[in-house]
Every structure is written in structure tokens, then in C-alpha cells.
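Chemist: Sequence:
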Amino acid sequence: MKNSLKGALLSGLIFPGLGQFWLKRRVWGTVLLLSTLGTLAVISLKLTERAYRLVEQAEAEGGQVDLVAVAKTVQAASYADPQVRISWLVLLAVWLVGVLHAFWEGMKLDRDGKRGPRSEGGGR
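Numbering (the numbering used here), first residue to last: 1 to 124.
If you're looking for bench data, these hints aren't it; they were derived computationally from the structure. A couple of the hints might just be wrong.
To be verified - DSBU-like mimics (lysine-lysine), calculated; alpha carbons at most 35 Å apart, straight line:
{"hint": "1", "residue 1": "LYS6", "residue 2": "LYS24"}
{"hint": "2", "residue 1": "LYS6", "residue 2": "LYS114"}
{"hint": "3", "residue 1": "LYS6", "residue 2": "LYS108"}
{"hint": "4", "residue 1": "LYS72", "residue 2": "LYS2"}
{"hint": "5", "residue 1": "LYS114", "residue 2": "LYS72"}
Required output: the full structure, derived from the provided sequences and hints.
Modeler: Structural data, given as C-alpha cells:
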């Protein structure tokens, strides 16, 4: 398999930055990995915070907590909250940059006639 395709698939289908690590571009891989984890953390924290507020509000009113209603409200809030929307866009951008960068770096290795970093020494 070509380095360009393998790097792009690793970064695009498994986790952003993994293709860069496979291509020995560790700085880029670290930046993409940390950006992805940070963005996912922001999204998770904001949505969890919203869910807790809804549960507390329902308990304060003395009613039962309707988990279906909480889930629907949190889902709607994920579209309404500008910080969550921006985080989703950042995540998409990081993912695209990861795929394109891994493909580009793999193409450079392919063009130079080098085998993949992990397949040196008689590997497949």
C-alpha cells in the first residue's frame, strides 16, 4: 500500500494524527492528536454541563427526571451553543488537515521511492 494512502487512512479513519506518527512526523501528529482531544473534551464538558443543569432543574421542581427529554434538550443545545458549534467546526478542520497532511507527506515518501517507515527491513 502506498505511504500516502496508508497515512491518510490512519489519520482519517482511526484518529487524527495517527498517520503522521506512522510517517514519523511526530510533531505534527502530536499537534493534531492534542487538538482533537482538546476539542472533544470541550464538547463533552459543555454537553455534560447542560445535562446536569437540566437534571438539577427537574429535581428542584420536584418532578421526575425524564431522560429522553434531557437527551433531546442536550442534543438541541449542542446545535444552539456557539462554543459547541465552533468546537465541532474546529474538530472537522483538524480532521481534514490531518488527512491532507498525512496524504501529502506520504506522497513525498512515495515520490522519493522510500518505503513506509514501519516496513523497512523486508516487511510487506
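Chemist: Could you grab the alpha-carbon distance between LYS72 and LYS2 and see if it respects the 35 Å cut-off?
Modeler: 44 Å, violated
Chemist: Check the hint pairing LYS6 with LYS24 against an upper bound of 35 Å on the C-alpha distance.
Modeler: Answer holds: LYS6 to LYS24 is near 13 Å, not above 35 Å.
Chemist: Holds or violated: LYS6 with LYS114, Cα cutoff 35 Å?
Modeler: Distance ~14 Å between LYS6 and LYS114 Cα, so the pair holds.
Chemist: Verify the proposed pairing of LYS114 with LYS72, using a straight-line Cα cut of 35 Å.
Modeler: 51 Å, violated
Chemist: Regarding the pair LYS6 and LYS108, is the alpha-carbon distance no greater than 35 Å?
Modeler: Holds: LYS6 and LYS108 sit about 13 Å apart, inside 35 Å.
Consistency with the previously given hints fails for numbers 4, 5, ordered from lowest to highest.
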